[in-house]
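K.L.:
Each chain is listed here by its residues.
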Amino acid sequence: MTLSNPSARIELLLQASRRALFVLLALILIIAATIIAHVLRPGSLLADWSARAPWLLPVAIVAIFAVVVAPMRRRSGDAEMKTLQNDEFRQANLARAQRVALAAALVAQIPLAVLASGLTATAAVTIMGVGTVTVAMATLITSFLFFERD
Amino acid sequence: MDETLNNTLKVQRAMRDLTQADLAAKAGVTRKSVNAIETGRMVPSVLLALKLARALEVNVETIFNLDNGAAKR
Numbered sequence: 001m002t003l004s005n006p007s008a009r010i011e012l013l014l015q016a017s018r019r020a021l022f023v024l025l026a027l028i029l030i031i032a033a034t035i036i037a038h039v040l041r042p043g044s045l046l047a048d049w050s051a052r053a054p055w056l057l058p059v060a061i062v063a064i065f066a067v068v069v070a071p072m073r074r075r076s077g078d079a080e081m082k083t084l085q086n087d088e089f090r091q092a093n094l095a096r097a098q099r100v101a102l103a104a105a106l107v108a109q110i111p112l113a114v115l116a117s118g119l120t121a122t123a124a125v126t127i128m129g130v131g132t133v134t135v136a137m138a139t140l141i142t143s144f145l146f147f148e149r150d
Numbered sequence: 151m152d153e154t155l156n157n158t159l160k161v162q163r164a165m166r167d168l169t170q171a172d173l174a175a176k177a178g179v180t181r182k183s184v185n186a187i188e189t190g191r192m193v194p195s196v197l198l199a200l201k202l203a204r205a206l207e208v209n210v211e212t213i214f215n216l217d218n219g220a221a222k223r
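From first to last, the protein sequence lines stand for chains A and B.
My numbering numbers the first residue of the first sequence as 1 and each following residue consecutively.
My numbering numbers the first residue of the second sequence as 151 and each following residue consecutively.
Do not take every clue at face value.
[Stated by the list, open to error] Cross-link-like lysine-lysine pairs, in silico, DSSO-like; alpha carbons within 27 Å at most: (1) Lys82(A) <-> Lys176(B); (2) Lys201(B) <-> Lys176(B); (3) Lys160(B) <-> Lys82(A); (4) Lys82(A) <-> Lys201(B); (5) Lys176(B) <-> Lys160(B); (6) Lys160(B) <-> Lys201(B).
To be clear, the hints were calculated from the coordinates, so they are not data collected in a lab.
In this text, all values refer to a predicted model and were calculated from it rather than measured experimentally.
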């Protein structure tokens, strides 16, 4: 199978998409862990790394965008990319992943509320907000990758 | 209601000596879609069923059919 073959190019795009989702998942978890550490354990290594190297996160986001996301965006008009975007199995998996993520976000409210119960109002709102978004996004990406596996 | 959709996609594909990737390229879908339909993990839309039938140059009913029990009802 050569790269002139459309199905080979689609397979490459699928692999690139999976890699991008793994990187996005890691980024979401790192950012969420840092914010939660700021609230619960200020001064800890996890909370302070962003203060010691404030340039690291923006540089990492730009680098990830340049290496992983931008090449896929440039190809958004390609026939292979349109095939990928309109693929029924992929759309069905995304819909299933969205339902799972919604359920996970709803279920997560109880432990998050327990966790936030002893905190100040600002800290509680931060924990609830970050926790909900992180659980939803992480579940969405993880379940989509699971449904999309070979 | 225990209607089951049977499909002969794998057989029809094998009769034409096509790989899943070949059929996917002809029908304009990903290989994973073809694999999911063949293994019964996904029921395709009418549009996709027609695309697959056109790619294999057969009628939709040749590939997809309801099982006998459901057909009698």
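K.L.:
Work down the list of hints and note, for each, if the structure agrees.
P.N.:
We went through each hint and held it up to the structure:
At roughly 14 Å between alpha-carbon atoms, Lys82(A) and Lys176(B) fall within 27 Å of each other, so this suggested pair holds. At most 27 Å may separate the alpha-carbon atoms for a hinted pair to count; Lys201(B) and Lys176(B) meet this at roughly 9 Å. Only pairs whose Cα atoms come within 27 Å are accepted, and Lys160(B) paired with Lys82(A) is accepted, the gap being roughly 25 Å. Using a Cα cut-off of 27 Å, the hinted pair Lys82(A) and Lys201(B) holds, with the two alpha carbons roughly 16 Å apart.
With a C-alpha separation of about 15 Å, the suggested pair Lys176(B) and Lys160(B) falls inside the 27 Å cut-off, and the hint holds. Straight-line distance between C-alpha atoms of Lys160(B) and Lys201(B) comes to about 15 Å, which keeps the hinted pair within the 27 Å bound.
The structure shown violates none of the earlier numbered hints.
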